[in-house]
Amino acid sequence: MDFALGEEERLLRETVRGLGQQTVGPHAGAWDEARALPQTLLGELGGLGLLGLEVAEDEGGAGLGAVAACVLCEELAAVDGGLAQLVVAHNHLGLAHVGQGLQGPARVSELAALVGGERLVAWALPEHVWMPDHEGTLGVTARPHKDGGNGPDADAWVLDGAVAHVLGAGVAGRLVIAADSDDGPTAWLCDPKAQGVTRESVRTLGARAAGTAHVRLEGVVVPSTHRLAEPGSARRDAAALLPRAHLGMAAVACGLARGSLTTATAYAQEREQFGKPIARHQAIQWKLADMGTTLDAAWLLTMQAAWRCDTGRPYATAAARARLYAATVATRACSEALQIHGGYGYTREYPVERALRDARHGQGRHGIALRHALCQAIVERYGG
Amino acid sequence: MIDWSPNDTQQEVAQHARTFAAEVLAPRAAALDREGGFPRDTLAQAAQAGLCGINIPRALGGREAGVVAYSLAITETARACASTTVALCVTNMVAEVVAHFGTEDQRTQWVPRLCRGELRAGAFALSEPGAGSDAGAMRTTATRTDRGWVLEGSKLWITSGTDAGLFVVWARTSDTPGTGGISAFLVPGDTPGLTRGKPEHKMGLSGSTTTAIDMSGCEVGPEALLGQEGRGFPVAMMALDGGRVGIASQALGIGLAATEAAARYVRVHEGPGPAWREQQAVQWALADNATDLDAARLLTLRAAWLKEQGRTFSREASIAKVFSTERAFAACDRALEIMGAAGTDEAEGVERRYRDVRVSMIYEGTSEVQRIVISRNIMWRFSKA
Numbered sequence: 001m002d003f004a005l006g007e008e009e010r011l012l013r014e015t016v017r018g019l020g021q022q023t024v025g026p027h028a029g030a031w032d033e034a035r036a037l038p039q040t041l042l043g044e045l046g047g048l049g050l051l052g053l054e055v056a057e058d059e060g061g062a063g064l065g066a067v068a069a070c071v072l073c074e075e076l077a078a079v080d081g082g083l084a085q086l087v088v089a090h091n092h093l094g095l096a097h098v099g100q101g102l103q104g105p106a107r108v109s110e111l112a113a114l115v116g117g118e119r120l121v122a123w124a125l126p127e128h129v130w131m132p133d134h135e136g137t138l139g140v141t142a143r144p145h146k147d148g149g150n151g152p153d154a155d156a157w158v159l160d161g162a163v164a165h166v167l168g169a170g171v172a173g174r175l176v177i178a179a180d181s182d183d184g185p186t187a188w189l190c191d192p193k194a195q196g197v198t199r200e201s202v203r204t205l206g207a208r209a210a211g212t213a214h215v216r217l218e219g220v221v222v223p224s225t226h227r228l229a230e231p232g233s234a235r236r237d238a239a240a241l242l243p244r245a246h247l248g249m250a251a252v253a254c255g256l257a258r259g260s261l262t263t264a265t266a267y268a269q270e271r272e273q274f275g276k277p278i279a280r281h282q283a284i285q286w287k288l289a290d291m292g293t294t295l296d297a298a299w300l301l302t303m304q305a306a307w308r309c310d311t312g313r314p315y316a317t318a319a320a321r322a323r324l325y326a327a328t329v330a331t332r333a334c335s336e337a338l339q340i341h342g343g344y345g346y347t348r349e350y351p352v353e354r355a356l357r358d359a360r361h362g363q364g365r366h367g368i369a370l371r372h373a374l375c376q377a378i379v380e381r382y383g384g
Numbered sequence: 001m002i003d004w005s006p007n008d009t010q011q012e013v014a015q016h017a018r019t020f021a022a023e024v025l026a027p028r029a030a031a032l033d034r035e036g037g038f039p040r041d042t043l044a045q046a047a048q049a050g051l052c053g054i055n056i057p058r059a060l061g062g063r064e065a066g067v068v069a070y071s072l073a074i075t076e077t078a079r080a081c082a083s084t085t086v087a088l089c090v091t092n093m094v095a096e097v098v099a100h101f102g103t104e105d106q107r108t109q110w111v112p113r114l115c116r117g118e119l120r121a122g123a124f125a126l127s128e129p130g131a132g133s134d135a136g137a138m139r140t141t142a143t144r145t146d147r148g149w150v151l152e153g154s155k156l157w158i159t160s161g162t163d164a165g166l167f168v169v170w171a172r173t174s175d176t177p178g179t180g181g182i183s184a185f186l187v188p189g190d191t192p193g194l195t196r197g198k199p200e201h202k203m204g205l206s207g208s209t210t211t212a213i214d215m216s217g218c219e220v221g222p223e224a225l226l227g228q229e230g231r232g233f234p235v236a237m238m239a240l241d242g243g244r245v246g247i248a249s250q251a252l253g254i255g256l257a258a259t260e261a262a263a264r265y266v267r268v269h270e271g272p273g274p275a276w277r278e279q280q281a282v283q284w285a286l287a288d289n290a291t292d293l294d295a296a297r298l299l300t301l302r303a304a305w306l307k308e309q310g311r312t313f314s315r316e317a318s319i320a321k322v323f324s325t326e327r328a329f330a331a332c333d334r335a336l337e338i339m340g341a342a343g344t345d346e347a348e349g350v351e352r353r354y355r356d357v358r359v360s361m362i363y364e365g366t367s368e369v370q371r372i373v374i375s376r377n378i379m380w381r382f383s384k385a
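Quick mapping for you: the protein sequence lines, in order, are chains A and B.
Oh and the first sequence: position 16 is 16 in the numbering used here, straight run, nothing missing.
Oh and the second sequence: position 33 is 33 in the numbering used here, straight run, nothing missing.
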């Protein structure tokens with residue numbers, strides 16, 4: 001048994017910590033305010049491998065395992081939880097779907113652009129695909145493009161429909177769209193600038209710079225070269241991505257909690273009321289102690305799930321458990337950090353209110369979905 | 001004899017506030033939040049509707065409807081717009097404090113104008129950069145001169161600080177340590193030497209303003225002293241105790257609004273698989289919200305009733321405030337959980353409630369301060385038995 005990170009992971013973490021403290025942290029509040037990210041940031045993230053965390057090195061990615069990827073996402077989330085959520089969605093939903101499904105000549109150029117920071121990819125599947133055994137439609141339908149003739153649009157498909165609240169859709173240069181068709185649910189990689197695609201940006205509680213948008217598709221022609229995997233496999237492929245995304249979001253939650261704990265501890269030592277630093281009042285000490293304890297537990301659950309993933313063990317249940325717990329811990333810790341800051345915490349001068357919004361935003365409705373999944377696992381394991 | 005039903009006046013005020021909230025506040029609340037700034041129009045209309053002096057004698061221009069009616073009305077307005085409501089709460093409390101502690105001249109000079117909305121808003125200036133929960137650490141001074149008093153110092157977290165026409169300012173008038181040497185003053189907003197700070201950029205309640213004020217050579221006449229010299233702290237305690245009933249009522253209204261939105265959402269949302277309304281995860285969350293908020297309502301109305309009866313209500317106000325604000329925040333959190341992505345979407349209104357309600361655990365005394373008040377009171381009571 002070994003709880004220590006490896007040398008490579010520690011070095012990577014130092015690098016991302018530097019980026020976080022110099023390039024991201026000082027501006028995260030302004031990006032949140034502007035509800036936009038600077039284009040140059042993507043290049044920097046791409047340069048450090050953060051936009052191709054688990055893509056193989058010979059395809060331009062960082063070729064990291066889940067432990068290392070979680071360490072980096074946690075680090076980023078400690079200064080900007082919204083950006084970290086965008087990075088997780090890009091890596092573990094959109095990019096992972098492309099990586100496992102896109103074949104042929106398009107693969108090389110598409111992967112290079114997504115990994116290098118030229119553009120991001122958003123995973124435009126409806127929210128309910130996160131629910132186990134969901135029966136809802138995908139919101140989009142696909143039909144063969146009859147007018148394609150023999151030109152480049154031969155074998156093309158036409159997409160119609162809408163998907164609400166897609167994280168990253170407003171800033172992404174590619175969208176993964178899953179559509180119901182006569183061949184079954186099938187996924188495509190789309191250009192959001194293609195004719196017939198409209199994106200309506202949504203003002204959100206948190207992750208405000210991450211470009212959440214409603215996506216509408218009206219007669220959008222997608223070439224078969226950009227189909228992801230075989231027709232009919234989209235639901236299965238999508239479901240397979242969820243555990244890894246849960247793991248990434250667990251790491252983000254841990255980072256949000258750690259960032260808030262760091263800010264709150266510094267503030268509590270500095271701020272004096274009733275003749276002493278508030279860090280010496282039990283009301284505050286208890287909060288800090290509980291924040292620290294639950295954060296450690298959340299991080300260990302996350303790392304254990306990541307280790308299971310890296311060592312080829314089943315990890316879906318562990319990832320779901322890590323996310324459920326870490327997300328709750330993060331929202332709670334960020335709220336307590338805000339409380340420790342008093343009125344100052346409610347202002348945007350301090351990062352804790354943004355962390356609370358980002359943490360609650362990332363939690364979404366997943367408490368319900370994750371408990372469903374966890375209960376199924378418990379019944380399988382402990383049931384008669 | 002116990003009677004839970006509101007009397008005619010209370011019912012009438014609550015109904016009036018509900019109609020006002022639905023017709024005037026609700027349609028503008030989202031835009032107010034988005035655009036930021038002081039809720040000038042909605043507050044002015046609230047004054048016209050008689051909502052700025054609910055617990056103020058009729059002779060002074062108020063509605064004289066009592067504290068319970070006040071609490072019911074605040075809950076109704078907060079369901080629609082928490083930003084306007086916080087300015088409304090403070091204006092009501094400033095009017096009450098002047099009506100209670102003021103001389104006849106002070107009462108007739110200020111209270112009717114507060115009730116009519118002529119001063120735009122009333123404001124309390126108590127907190128300072130180094131004196132938040134610890135009000136005894138206050139540094140602002142008031143020095144007696146031939147012509148009255150000169151105020152020097154800085155105040156923080158003043159609701160409606162951008163627009164208030166009247167500030168109640170607390171300052172030290174002697175070197176007595178702690179709270180003994182503190183006096184309260186009525187300082188008109190246009191007094192030379194009083195400078196209003198820029199509005200704070202906040203997580204929520206964005207349609208209300210919160211500012212600092214600086215006082216430098218700020219001269220007021222002898223008639224500015226509110227209550228006796230050196231007896232300013234009891235004025236603050238009355239303002240805070242009464243204020244806590246208001247904030248408990250406000251948080252309750254916000255929690256109810258989020259719960260109602262979540263209930264509407266699950267009613268119309270079939271969802272994938274079983275409809276949301278048939279899922280226990282959703283049913284339990286709504287049941288917990290309803291239970292928490294019902295208890296909050298009873299605790300809040302009990303504190304309001306005690307105050308109305310002229311009985312001590314400090315502990316009960318703190319209990320109502322800590323319970324109502326924390327449970328209302330939890331209720332908004334559960335509403336978000338039920339609604340998922342829609343909950344985090346500004347267009348649905350629940351994310352605004354989540355942001356708005358969070359400060360209620362901080363202002364008018366943090367939850368930590370309420371627990372200090374409650375525990376001290378309990379220890380004192382039970383040490384005498």
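You may find that some hints are simply not true.
Claimed, not checked - EDC-like cross-link-like pairs, simulated, lysine to aspartate or glutamate; straight-line CA separation at most 16 Å:
#, chain 1, residue 1, chain 2, residue 2
1, A, K276, B, D134
2, A, K146, A, E200
3, A, K193, A, E218
4, B, K198, A, D182
Hints in this document: simulated from the structure, not taken from any laboratory.
Now for the hints, and whether the structure bears them out:
1. A:K276 x B:D134: 11 Å, holds
2. A:K146 x A:E200: Answer violated: K146 (chain A) to E200 (chain A) is near 29 Å, above 16 Å.
3. A:K193 x A:E218: Between K193 (chain A) and E218 (chain A) the Cα gap is close to 12 Å, so the pair holds against 16 Å.
4. B:K198 x A:D182: 61 Å, violated
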